[in-house]
Amino acid sequence: MAASDPDKLIAKADKLTKLSLTRWSADWKSATVLYEQAANAYRIAKNYEKAKEAFEKASKGQEMISSPWDAAKHMESAAALAKELGKWNEVADFYRRASELYVVCGRSQPASDALAKGARALEDAAPDEAIQLYTDACAILEEDGREQMAFDLYRAATTAYVKLEKYTDAAAFLLRLGLAADKCNATNSQCKAYLSAIIVYLYAHDFKQAEKCYNDCSQIDAFLRSDHCHFASKLLSAYTEGDIEEIKRLAQSSTISNLDHTIIRLARKLPTGDLSGLKADASREEEEPLDENDLT
Amino acid sequence: MTVIDLITRVDAICKKYDKYDVDKHRESDNVSGDDAFARLYGAFESQLDAALLKSEAVATEKNRATAVAMNAEIRRTKTHLLEELPKLQRLAFKKVKGLSKEEHEARNDLVSAMKDRIQAIPDGSTTAAKTGGGTASASSYTGIKFDSTFDGKFNDEYFQKTEESDKFRQEYEMRRMNQDQGLDVIAEGLGTLKEMAHDMNEELDRQVPLMDEIDDKVDRANADLKNTNVRLKETVHRLRSSRNFCIDIILLIIILGIAAYLYNVHAFSTLAYLRIMCLSLASIHV
Numbered sequence: 001m002a003a004s005d006p007d008k009l010i011a012k013a014d015k016l017t018k019l020s021l022t023r024w025s026a027d028w029k030s031a032t033v034l035y036e037q038a039a040n041a042y043r044i045a046k047n048y049e050k051a052k053e054a055f056e057k058a059s060k061g062q063e064m065i066s067s068p069w070d071a072a073k074h075m076e077s078a079a080a081l082a083k084e085l086g087k088w089n090e091v092a093d094f095y096r097r098a099s100e101l102y103v104v105c106g107r108s109q110p111a112s113d114a115l116a117k118g119a120r121a122l123e124d125a126a127p128d129e130a131i132q133l134y135t136d137a138c139a140i141l142e143e144d145g146r147e148q149m150a151f152d153l154y155r156a157a158t159t160a161y162v163k164l165e166k167y168t169d170a171a172a173f174l175l176r177l178g179l180a181a182d183k184c185n186a187t188n189s190q191c192k193a194y195l196s197a198i199i200v201y202l203y204a205h206d207f208k209q210a211e212k213c214y215n216d217c218s219q220i221d222a223f224l225r226s227d228h229c230h231f232a233s234k235l236l237s238a239y240t241e242g243d244i245e246e247i248k249r250l251a252q253s254s255t256i257s258n259l260d261h262t263i264i265r266l267a268r269k270l271p272t273g274d275l276s277g278l279k280a281d282a283s284r285e286e287e288e289p290l291d292e293n294d295l296t
Numbered sequence: 001m002t003v004i005d006l007i008t009r010v011d012a013i014c015k016k017y018d019k020y021d022v023d024k025h026r027e028s029d030n031v032s033g034d035d036a037f038a039r040l041y042g043a044f045e046s047q048l049d050a051a052l053l054k055s056e057a058v059a060t061e062k063n064r065a066t067a068v069a070m071n072a073e074i075r076r077t078k079t080h081l082l083e084e085l086p087k088l089q090r091l092a093f094k095k096v097k098g099l100s101k102e103e104h105e106a107r108n109d110l111v112s113a114m115k116d117r118i119q120a121i122p123d124g125s126t127t128a129a130k131t132g133g134g135t136a137s138a139s140s141y142t143g144i145k146f147d148s149t150f151d152g153k154f155n156d157e158y159f160q161k162t163e164e165s166d167k168f169r170q171e172y173e174m175r176r177m178n179q180d181q182g183l184d185v186i187a188e189g190l191g192t193l194k195e196m197a198h199d200m201n202e203e204l205d206r207q208v209p210l211m212d213e214i215d216d217k218v219d220r221a222n223a224d225l226k227n228t229n230v231r232l233k234e235t236v237h238r239l240r241s242s243r244n245f246c247i248d249i250i251l252l253i254i255i256l257g258i259a260a261y262l263y264n265v266h267a268f269s270t271l272a273y274l275r276i277m278c279l280s281l282a283s284i285h286v
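Residue numbers (full-length UniProt numbering), protein chains in the order written: chain G, 1 to 296; chain E, 1 to 286.
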């Protein structure tokens, strides 16, 4: 029976589940078993399309017999196959469904893992969707109070944002990472997150934001006392002085090398744009108070 | 009455009857009669004496800083006195009553002598005066000058570099550079270690709740397994101790044998017998 044609298995299982005059209630148990067998057979035969469908049906069957865990597992398999086929919206849907089923089981970690897997699969094809999945995964973990696991997800999401060149969003995400790290007393990760945020702002040539970010983060004791804060202040002062050599030298230092590699790449490309513009801003600010003095 | 009491009493009485002291009045009149000149002259004398005393103390002073400070003090006094000197001269020329002609002339001499005496006070700059020459010393008293006690000592000999000291200095610099490089390398290494330690710390913190979960789950699984084991043992025991099972099998074999024999030998009637046998067997079994 197990080695028989998967098509036949599918047909048989369908018959078991379809309600008709002779059948008053669908026999999901046996049908699910048949579906699983068929799906495995299809997968071995590398017939991904059919395998995917079979997994979907198997998952539905598991749901019917109230075992959400197995249902979720089948959904994940279906999603993986959809990824092979390149059907990105289906991938997203399946992974979301799997995650929901995991949440029904009350297991948040596998739920967020499922979303993370989906996001990773979609990073190249549909990056916005991927970021959405990452955000949801982080939300699930944070609800459950397990922010520690979310660090990797935050970092992956930041990388995705940087790839999309959405620097403000990336920096915002890094600040969220800092917040999560704060809750778990992971001071090193927190300080690294804040420094990375400042660097991202500088890379986006948004000096004011970078300074504001630095001032905000200096309110936090752990950051203020750390090496990263010191480094950030040196970097910002090098920027105000327009000292390109100094910036390049700072970017080569070991503090940067400990950060995430996307951030390292950004740091090595600093300084972007025109430093003299920043200097002109700074000097203009200095002139204005003098004018006021003259008037008075 | 003690001596002290006596003295105080005498002082008090003297003070009371001072106004009757003719000699003293005459003296003070003399002084006040000479008016400003004598008074000023007296003041000059006292300051000069003080400066001389200080210069003597400087000569014996071992601490460089105190010596310099005292010299500065002496110089200040000297300049002050020299400034006041013209005033004294003017007073000397004034005609005061009750003063003889000789005394008047003597006053001029006194003033010039005073000038010399002021200039003669040693204040640590005398060596410069000696080497600088007469003009230098003359000008040094009319102008403002920042005196340094090391005047004339900063000559060429002071900074002369010998070859030995050059080499020594170079070696020192080289060694210092090497040390700096070595320290830099160490600093890098330490920084990396610190990062790794921090990351390990965070990773372990992350894994603590996971380990707790694993602990719980394994405990539960263990308990379940123990339960299942006990029940299985019971069941197997019951099964083995029941004889019914074995008896059933033996009887079945015997009856089947008989039925086959009867079937082979007698065709028709055995069927009826067979049916009866089956029924009875069934009743026994149930």
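Where hints are given, some of them may not hold.
[Stated by the list, open to error] With a straight-line cut-off of 25 Å between C-alpha atoms, the simulated PhoX-like cross-links for lysine-lysine are:
| # | chain 1 | residue 1 | chain 2 | residue 2 |
| --- | --- | --- | --- | --- |
| 1 | G | Lys73 | G | Lys15 |
| 2 | G | Lys60 | G | Lys117 |
| 3 | G | Lys46 | G | Lys166 |
| 4 | G | Lys60 | G | Lys166 |
| 5 | E | Lys194 | G | Lys234 |
| 6 | E | Lys94 | E | Lys62 |
| 7 | G | Lys183 | G | Lys163 |
| 8 | E | Lys194 | G | Lys183 |
| 9 | G | Lys46 | G | Lys73 |
| 10 | G | Lys73 | E | Lys217 |
| 11 | G | Lys248 | E | Lys194 |
| 12 | G | Lys29 | G | Lys87 |
[What the hints assert, rightly or not] Partial chain E-side listing against chain G, Cβ under 7 Å, derived:
| # | residue |
| --- | --- |
| 13 | Glu188 |
| 14 | Glu195 |
| 15 | Ala197 |
| 16 | His198 |
| 17 | Glu202 |
| 18 | Arg206 |
Calculated from the structure, these hints are not laboratory results.
Glycine included, every Cβ here is placed at the ideal spot set by N, Cα and C.
Tested hints:
| no. | hint | verdict |
| --- | --- | --- |
| 1 | G:Lys73 / G:Lys15 | holds (24 Å) |
| 2 | G:Lys60 / G:Lys117 | holds (21 Å) |
| 3 | G:Lys46 / G:Lys166 | violated (39 Å) |
| 4 | G:Lys60 / G:Lys166 | violated (39 Å) |
| 5 | E:Lys194 / G:Lys234 | holds (21 Å) |
| 6 | E:Lys94 / E:Lys62 | violated (46 Å) |
| 7 | G:Lys183 / G:Lys163 | violated (28 Å) |
| 8 | E:Lys194 / G:Lys183 | holds (22 Å) |
| 9 | G:Lys46 / G:Lys73 | holds (19 Å) |
| 10 | G:Lys73 / E:Lys217 | holds (20 Å) |
| 11 | G:Lys248 / E:Lys194 | holds (24 Å) |
| 12 | G:Lys29 / G:Lys87 | violated (29 Å) |
| 13 | Glu188 | holds (6 Å) |
| 14 | Glu195 | holds (5 Å) |
| 15 | Ala197 | violated (9 Å) |
| 16 | His198 | holds (4 Å) |
| 17 | Glu202 | holds (5 Å) |
| 18 | Arg206 | holds (4 Å) |
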